[in-house]
Each structure stands twice: as structure tokens, then as C-alpha cells.
Amino acid sequence: MEDKDSIALVQEGKSKKNEVLYQFVTFKLGTEDYAVSIEHVKEVTITPKISKMPKTPPFIKGVASVRGDLIAIVDLEERFDLKPALKIKDAPIADSFTIVIDADTYTIGFIVTEMPNTLVLSESQINRSADVIEKARLKNKFISGLGKTNDGDLVILLDILKVLSAKEISQISSV
Amino acid sequence: MNDREKEYRAIFLAEAQQSYDQISTDIVKLERDPGNEQVVAEIFRLLHNMKANAGTMELEAIAELAHRLENVFSAIRNGDITFEGSKVNLIFKAVDYLGYLINNIAKPRVQQHNNELLDGLNEVISGGEDRIEGLQSEGGASVVSNKLHLSDSVSISLKKLDDLLNLVGELIISRDHLISFAEIIENQQIKVITQSLSRVADSIQETVMTARLVTVSSLFNKFPRIIRDIAAKEKKVVNLVVEGADTTIDRNVLKVISDIMIHLIRNAITHGIEAPQDRKKQKKKEEGSLKISASSDKGLVFISISDDGRGLNPKAIKSRAVEKKMITSAKARSLTDNEALGLLFVPGFSMADKVTEFAGRGVGLDIVKSVIDSIGGDLKIESEVGKGTNFIMSLPISMAVKAALLFKVGENNFALPLLNIHSVVTVSRRSIHTIAGVLTLERKDETIELIYMNDFLFKEEYQTSFINLKREIMDIVIVWYNNKKYGLIVDQLLRQQEIMIKPLQKPLDNNHLFSGITLLGSGEVCYVLDVANATKIYEQKESSLQIY
Amino acid sequence: MSKNILVVDDSYYMRTILKNILEDAGYNVVNEAASGQDALKGVDEQHDNLDLVTLDLILPDNSGLDVLRSIKEKYPDQNVVVVSAVGQSSIVEQAMEIGASAYIVKPFDEEKVVEVVGEILGNEINNE
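Residue numbers (the working numbering), protein chains in the order written: chain A, 1069 to 1243; chain B, -6 to 541; chain C, 1198 to 1325.
Calculated from the structure, these hints are not laboratory results. For glycine and all other residues, C-beta sits at the position ideal for the given N, C-alpha and C. Check the hints yourself; a few may be wrong.
What the hints assert, rightly or not - 27 Å max Cα-Cα, derived DSSO-like pairs, lysine-lysine:
#1 K499/B - K1120/A
#2 K477/B - K284/B
#3 K499/B - K1209/A
#4 K499/B - K1110/A
#5 K1123/A - K284/B
#6 K1120/A - K495/B
#7 K477/B - K1230/A
#8 K1123/A - K(-1)/B
#9 K495/B - K1117/A
#10 K1110/A - K277/B
#11 K184/B - K1120/A
#12 K1216/C - K(-1)/B
What the hints assert, rightly or not - So the derived list for chain B, only partly shown, Cβ under 7 Å to chain C, looks like this:
#13 H41
#14 N46
#15 R168
#16 H170
Extracted from the complex, chain A is given alone in its bound form:
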């Protein structure tokens, strides 16, 4: 458990085998399945009306009002170049979902095209070895491990706070 901090540790429970359990929200970016710790997720909502903010890079979709809170909405697929190659046209934003992340001092949302799910993984279902992380397409520093669901599917565990606080996102908007 030396890397416990970087992994999304949310709701700790014990499985029958007395193992630590973690709860995640899963979603698709490009062709892969990703998961973030539910602890950071404020809510999942149908993407509200977004107003594009002038002089910001394309992956910042704009600002939207989520329960009266005005937050930035970003497209991580666009940012990290994860768009599936065969997809010619973007799905309309109106049909997408926004995962709202509570990042300590601010709130931010990112768009996913398919309905997110929740997932519980036990410690034994998570692999944090370096070579696994190496294979992922996202930069390794954003990834805290690889999970294997009960059905045998693989999901990439994202350190969402690191993703959002990355220089690539926080400094792009200067005019």
C-alpha cells in the first residue's frame, strides 16, 4: 500500500475476505474505460448549456451553470487527443454527460459521451505496477493504477486532481 495516497481511495469498506474496497465512477474517454475515485465527484449531470468563453483553447468548452455555480467545462478527449480515430463527428454536447469534480479550491466539469457508472473494486483487483501504467495512453503521471472488474474488463484508474491541475490545463487560458 505504498502508493495509497495517489490512488483514489474513497469509501473504504471490507469485502467478505476482509479486503479494503474502493468506490469509483467509471466513464469512457475515446475507446478506453477510465475510473476516478468517487470522493472527488461532486455530481454527474446531463451536460448543461455551455457558453463558450472567448480566447480560450478549444478543449475548454466554456462555462456552465451547475446548481447556480458557474464552472468551467473541459473536454479531456480533446485535450489529450483521445478521440477515436473513426469517429467523424462529435456527438452533440447536449446528449453528453458532465462529471463535476470538486478540486479543493474550485469546481470543474468534464464531458463524457456515455453515461457514467459506479464501480467497486477490492484491493486485489487493482494493479499498480509500473509496467502496467506504462501501457496506458495517457501520461503515466496521471494514472494511479489498473483495475480489473469482476467481468474481466480493464479500467484505467485516473488521478483526476493531477489531470486537472496539470500545467496543460491550468495555464492554457492566458491571453
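Position chains B and C against the provided structure of chain A, taking the given hints into account.
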């Protein structure tokens, strides 16, 4: 110290500081008009209270000094001595020391008797006898008691007021939601309810806003003394005229501008107003005039500082800017006099080393300007060589809620604080021209540079060709920044409205084009344009364009 | 029933202290005034249930002694306690002559104020 003692101490301090300010103002008045009995009575009363209150607080040094000063003014009131000659300086010194003690009540080491002063004050009243008789003080000092009253009522912590104001902002947003909703569903009953809710929300907002307001006099009262000191040091004679001291403004705004005003005043006396002998040569009155006035209109407060000194020389400013390689000499020639004065606001343009030659008042104005920008205000200069200079600050009455003009560019909503707006005009396309690649509007006797907002905001490279301007009639919002006018061509004017500005959150907070965002009643997002930065960005692009 | 008091002083600090002392002792400070005029108005308005007035002598508009005189002329029964930093015997005598019930010199002890007011108002237990 228990809570009540803390409270007493805070109240004592606030009242003592206010009394000290008032006494400082009054003794300057008295120096000009030694026979003014009302002023003497007022000083006496303030010192008398201070003595009693400091005694209760067990602040012996303050109590004793106030007591001796009280005796002096008692003697003046009784006609035993007059406020003249060498006494005046000693009294000034003693009042200064009183202020020093008051401002350091938390430091026991400072709370010491100054025996030299105390003895001096005793000597002032030859005989040194306590003569507090004839308690009948003169009438007419009720203004002061009103003022004391006003600040009395601000004993709620500002944090609480800020919180309250934020909540009011939320309320206003909900109200606007409801109004839009009522319009959509066209239900008469809901409309009536919304209207009454709207009135209540408006008056709550107004009440909370006014609760934060203080009169500018709390700042202006400090000026006579400051001006006296600077003028004495510079060997100038300055007559101060203050107007509109009862104008009210948000306490935070007042706090922000206090240093700026002192800076501008110092500049006016040091660099603006000439020495008496020079003024005489120019057939001016030997006594220079400095006028500080405040007024308010439509949610804005205007404070101007004007002198009748040398004035600023646009030609000199231009050549200085060219010399400093800030602009090309071609550009310099194209600038109007007013625009040339605006160069003083450009960072790094300091006239300090050329002051005498130039007759300037432009020292460190870039800093002054940036502080005013930071609270969403504006600063303008008017000046005429040989006649004088006038600095006009326009300030928001409050920092959080601003009156703004809403408009659309493309699909998006934008807001511009009224403070930054000079005027709004509707013009036909015929009056718009392209001169050297720059869109301009010919109006009466002036040419205004235009910014086509749709291109400016949404195109990667800002370069407006005439082709983009398809409409016959165009709405232009004329803004004023750095003494230069810019016309913003917007797509659709919406309305005027009070908005609650929310700061930009990460990762948008690096976008300096906007000072914040607000949510409209319709639930739509609206971006608040930062005029200062928008024009700066525009100017940068313009100059890079002109290279080829 | 708790006794009603009007506090007259042009210093907010002093009014706060007096109000706290009196309220702690179980009295009811019904009003405060910062000028002679407001003081007279306050007495006029509430004279029927006003048990005592504390009066400062140096006020912005007119002399406390004049205010005292006006109150006593109109309402001879009104209890007025002078609380002032003026301590000369001549003034104290004048005030007592006009009809002040007591004269307290600032700075004062809290206990002293409570004691004097208690004596005048008949030492009733004021805790409701």
C-alpha cells in the same frame, strides 16, 4: 482581555481616531480663522470626551495630554489666550502626539507622558489654572454629532456585511430567474407576485449596500493637515476647497483610494502648484488653489482633485515617450493632446527626473491607475498648460455589485460596467471607415478607433475587414481608457442591469480579458469584460499589425 | 417591572459602557441620546415611564446644565443623574441646585454607578 473589554477598546479606538481626525481638521481651520468660536467649542468638547474616555480605559498618557489640551482650548474659549504665534506649533505638535498615542494604544511602551509637551502646554496658559467655566458651548456643531452618529452604526463586522451582500447577490439572481420564468409562462398571478418580490429584493439590496457606505469625509478630514504639512515643506501657499464631503461610498473602495488620493495631492502641490513668486510673475494669485470634490451619480462616485498650477504639457509628454521608445515619433504625431496625457498611465512612464523642466504631475501615475483599475474604476486627466490639472476618478459605489450594460456578441452574453462606458451610439455603416487598416468612426470633431467585437473575441487573429460588417446600422459602445476613446461594435444591445460579479475560477482565471462572470436571470452565462485589459490586448495587436 | 433609563452622552464609547453597566444591574436602557436636543426629545417622548436620566454636561449643541434645567422645569419629578468629567465644585453645586439627584465624575467605578442609581430608584430588586 475579555470580550467586553475588547469591544470597549475597539469602540474607544474608533471614536478616538475619529475625534483626532476632527481635531486635526479643526485646528487647521482655526489657524486660518483664530476667532472662530464654534470650532474652539468643538475642539474643546472632543478633547473633553477623549480625556474622560481614556481615563475610563486607564490610558493615562492619552487622558493627561487630552486634559492639558482641553485646558488650553478652555483658555482660548474664555479669551484668556489666542490661537496665534508660537503656541500654534506647540499645539499642532501636541495634537500629533495625541494621534500617535491613539494609534498605538495596544503598545504599553508607547503610552508614556511626554513631559516636555505637557509642560509646554501648561506654559501656554500662563498661570496654568483649570478654568472650565461657562459650560455653554456654542451651537452649530451638530454636523459633527451627526457624523459621529453615522459611524456609530457601523459596529457590525465587515465580514458579516460582505457575507450578507453575497447572499443578497444570490437572491437577486434567483429573483431574475423567477422574472424570466414568469415572462415565459405568462401567468398573471405569478407576475404580480414576482413584482412584489422584486421590489423587496431591490430594497434589501439597497439597504445592505447602504449599510456598507461611509461618507468620504472620514478620508477628506485628513487632507487639511496633510496639505498643510506638504505645502509648508515645499514652501508653497495652498488654499484647499473641499466639496461634497458627505458623498457616500463603500468603505472598502474608500480604503483602496486613500493612498492614491494622498499621492495625487502630493503631486499637485509638489509638481503642479508653482512657488508664490513664480505665480506672481505669471499674474496668478500667490495662493495656489487645490480643490477636492466628490459627487455621486447613478451608482458611481466621482472624486476629482484639481489644481490651478502649471498644467501638463502634451508635447513634452510625447517627446518623452518617444525618447523612452514607448511609441514611434509617427505615432506620437497622430496622438491628440488628451491621448498624450494618457501616456502617463503607461507603466514605466515616470516623469520624475524631468519634473521641473516639464511642469509635470505625472509621477508614478501608472501605479495610481492600476490600483483604480483593480477595483473597476477609471481615472481621467484634464489639463491645460499654465492653467492647471484635473484628475477625475470614477469609482464604483460598491465592489461586488455593479451597474452594467448587457449586450450580445455572436451567441454569447457580455456585460460592461457602466463605469467604463462613455456613451452608446447607433450609427450607419457610412460613418465607419478604414484608415490604415484600423476601423474608425467619424463623429462631430473626433475620430474614434473601433473594435469589431465579433472578430476581436472569436477570431484567432484580430483583423477586421470591412466585409465582416454586414449590417447597415450598428450599435457601438464607446468606452474610455487611458484618456483614449474606443468604440466597441457589438451585435445586439440588451439592457442595463445590476449584476453580481463572480470571480473566474480555475482554469479560466488566467484569462485577463474578463474580470468575472455572472449568471443572468435566464440562466445564461454572461462574461464581464475588463475594459482595461481588453484595450491593452487590442493595442498590442494593433501595434504588431502595424509592423507590416 | 424593570426601571427605565435614558442615557445621554455625546460619546458612543461612554454610552456603551453606561448602557452595559446599567443593563447588567437589571435596568432597562430605553433610549440613548447624543445631543441636548435629542435628550429633551427623549424625555418628552417617554416621560411617563422614564425612571431616570443619566446626563453628560458637555454636549455638542447646548450645555448639559441647560438641558438639566429644561428637564426639571418641565418635569420636576424626573430623576436626573449627572455623569460628567467636569469635576469643579462650582459646577457640581450648580447642578445639584438645579435639581440633579446625584453627580458622578468620570472616570467612574462601575459599582459606584450601580450604587448611586440603586439608591435613587429605591434599591428595588430589578431582576425580572
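- Sort out whether K(-1)/B lies within 27 Å of K1123/A, counting only the CA atoms. 51 Å, violated
- Item | Restraint status (C-alpha distance of K1120/A to K495/B at most 27 Å) | 17 Å, holds
- Message: Check the hint pairing K499/B with K1110/A against an upper bound of 27 Å on the C-alpha distance.
- Response: 16 Å, holds
- Task: Mind checking the alpha carbons of K499/B and K1120/A for me, to see if they're no more than 27 Å apart?
- Result: Since the Cα atoms of K499/B and K1120/A sit roughly 15 Å apart, the hinted pair holds (cutoff 27 Å).
- If you take the shortest Cβ to Cβ gap from N46/B to chain C, is it below 7 Å? 5 Å, holds
- Item | Agreement of K1216/C and K(-1)/B with the hint, judged by alpha carbon distance not exceeding 27 Å | OK: K1216/C and K(-1)/B at ~16 Å, within 27 Å.
- Taking only the CA atoms, is the gap from K1110/A to K277/B under or equal to 27 Å? 71 Å, violated
- Message: Just to be careful: measuring from the Cβ of H41/B to every Cβ in chain C, is the smallest value less than 7 Å?
- Response: 5 Å, holds
- Grab the minimum C-beta distance from R168/B to chain C and call the hint holds if it beats 7 Å, violated otherwise. 36 Å, violated
- Mind checking the CB of H170/B against every CB in chain C and telling me if the closest is under 7 Å? 42 Å, violated
- Sort out whether K1120/A lies within 27 Å of K184/B, counting only the CA atoms. 32 Å, violated
- Item | K495/B paired with K1117/A [C-alpha distance capped at 27 Å] | 19 Å, holds
Going through the hint list in order, the structure does not satisfy hints 5, 7, 8, 10, 11, 15, 16.
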